[in-house]
Amino acid sequence: METRSQRVALQDAMVFLGAIASGTEQAIGESANRISYLAGVNLGKRLSEGVPTTGDIEKALDATREVLLRNDYLWLFEAFKTHDQQATFQESEEGTQVMLVFRDCMIRQSLFRFGHAQKGSLCNMMYGFFAGALQNIMGRESSLEIVHAGENACYKKLVVRRAS
Amino acid sequence: MSLEIAVHEPSCRGCELCIDVCPTKVFELDAEQRLCVVKHAEDCIACLSCAYICPSTAISHSGYHAVKNFYRDAEFCEKMGKFL
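Just so you know, the sequences run in chain order A and B.
FYI, our numbering numbers position 49 of the first sequence as 110, with every residue one higher than the one before it.
FYI, our numbering numbers position 22 of the second sequence as 842, with every residue one higher than the one before it.
These aren't lab readings, by the way, just hints derived from the structure by calculation.
The beta carbon of each residue, even a glycine, is placed where N, CA and C say it ideally should be.
Worth double-checking, as some hints may not be accurate.
[Claimed, not checked] Footprint (simulated), chain B over chain A, 3 or more residues, beta carbon under 8 Å:
#1 135 to 146
#2 166 to 175
#3 204 to 214
Next up, chain B with everything else stripped away, as it sits in the complex:
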């Protein structure tokens, strides 16, 4: 499953925080509708900063690699035994 990013248009207030925070310039402002839109979805690195910063929680991602909470990962804890 490939990475997909979407903006829920009815929720977006066009505050541009997502545009400011995105390091790869995925978003663009549609000035006419006063909405932030996904312009270059292929550039998204799934850092999720846009989703976290959006005050309206209008941005969602799917098909991305969610980072491991490695301290809760049994397999990783076993490997870490040599450091502890």
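The shape of chain A in the complex, shown without the other chains:
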């Protein structure tokens, strides 16, 4: 397919994606988040199949980033530490915690294309993707809380739970 046709097709796909997410949220409410989350988990597990396992969260995040890049997903992220944090990776009662900044994001762009709200079901798909990928790579449960959904970047808290 030549690039112009791809561009048009991609815009159509975005309109559809944003509209279906927004419509699902209106129709079934909170359940939409759960459905998208589970879709993300499946995607994360499927795409990270065969990735070497590690107990090191930093290496696991690198491996997750590689999975995204290898599949041409525009969902790039980086670990971030504010001036008052002792370390990028912090241990808490819940597990290991790290703040992540997401810059280029297909979901954010899809939502902005037609003014849909952030932090909805499509954002939960990203949460699911991380949960699925990290379950494969580290064998541990995780959560990805959206601390702030911005116009040019999002700020999220990833907690990888302790191995049970």
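Mind docking chain B on chain A? Use the hints.
Relative to chain A, chain B alone:
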């Protein structure tokens, strides 16, 4: 070029919206001058929410990564061919 953030002081009304919206607490209120000032520029993640929310458009950033409008990016559209 590294990220820089600035508040145009004559424009700032000290409404504190930037302080409320910033997730990493980059700003602080100078109560004496009734101005919002940049306290921890190194903590800025360039989400640009402060710049968008400021009613006086007093906040500006430079040297940041502007997110791609990926649907307008020819290279990305080529990669997306497999999904379409």
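Check: Which hint numbers doesn't this structure obey?
Finding: none
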